[in-house]
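J.: Sequence:
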Amino acid sequence: MYTRILKPVKDKCFFLFGPRGTGKTTWVKTTYSDAIYLDLLRSELFTRLISDPGRLEQYILPNYQGYVVIDEVQRVPELLNEVHRLIEDRKIKFVLTGSSARKIRRGGYNLLAGRALSYQMYPLTAIEMGDDFNLGRSVIRGMLPMAQVDGYGEYLKSYIQTYLEQEIMQEGLTRNLSAFARFLEVASFSQGQLLNMASISRDVGVGRKVISGYFTILQDLLIGYLIKPFTKRSKRRLVSHAKFYFFDCGVYRAIRPTGPLDSGDEVSGIATESLVLSQLMANNDLLKLGYEVNYYRTATGVEVDFVLYGKRGLVAIEVKKSGKFKEGMISGLKRFKLDYPEAKLYLLYGGSQELYVNGVTVMSLEKALKEMDKWL
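Counting with the numbering used here, you get residues -5 to 370 for the letters of the sequence shown.
Everything labelled a hint here was simulated from the structure, so no lab data went into it.
As the structure is a prediction and not an experimental result, all values here were calculated from the model.
All the pointers check out, no bait thrown in.
Here are the simulated DMTMM-like cross-link-like pairs (lysine to aspartate or glutamate), alpha carbons at most 25 Å apart as the crow flies:
#1 K203 / D214
#2 K282 / D214
#3 K318 / D125
#4 K1 / D214
#5 K338 / E348
#6 K151 / E179
#7 K1 / E66
#8 K318 / E348
#9 K361 / D259
Please model the complete structure; the sequences and the hints are all you need to start from.
T.: What follows is the structure in structure tokens.
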């Protein structure tokens, strides 16, 4: 078990959201081992509380002063009214975990009117894994904790099926489960690409508004990112479409159909880029770096994979899985520098040699991910 970056909060109520399998339950049980633990995946408890949320207080002894953990709180969002009352009347401290706040918000329930903090759990980071992190393995398996053990392939396949059954079907997020399953496969071909809603709509066989709604579901469930273009003070005409990424490269590879006509290098290259994004998103949030995460692409095709902008500065990052450095790898970064001379430029590549070329810091991918807290 790895030590997670997320630090426990003392004497505060908080929500902990995150995709299934990211380690929320393990973290909560370890960090709050003495807490009252209520798991809404248990059918008996779920039935009792959904039929009468007021029964929640029956599980908390009159003089109890510790934490109460409610796991999968989005399954019974009506509980939040009772949680709110217990916070006010008895000063009970709650930890509320869930895979998404979507059902809570769409049901008209607020997140305790600001009385609770909100945090997110991500797949593992290279910083958390330390010496156990292996770039080649992670590009294939992804960074979900259970994908780090033998049998990861079956786990990742079942992960998708579990999401379809427990998150999509049971929660009633779409009426057409087969269309949504087709959409996931089609969306996997858009990984790291500019989104073309019309093309995806044709391939899935549903309308563009439905496809837009499907992407919203992926974002709400925290299993998909839409990365917008960086346009601040632009001197050139830029593309306006967002790019899409599944939140974990192992999940992406499990969803994406492959066959004899598919290029292994193409899939591996996109998976490597996806791994870097997932690490950027996690560390940016967990370490409170405060960046906006974008990409850059001009109408003429000049592109930089990721652009980070915030109080800490402007950072442009290009990702290449190749183990051999070539000058052409940094052409996009050099063009970006012409318009944004204040930017820090990084090329993360599959080799081991570190270089400084034309204002670009060339770093080993593996080292860059393990030490992301030091250079961002």
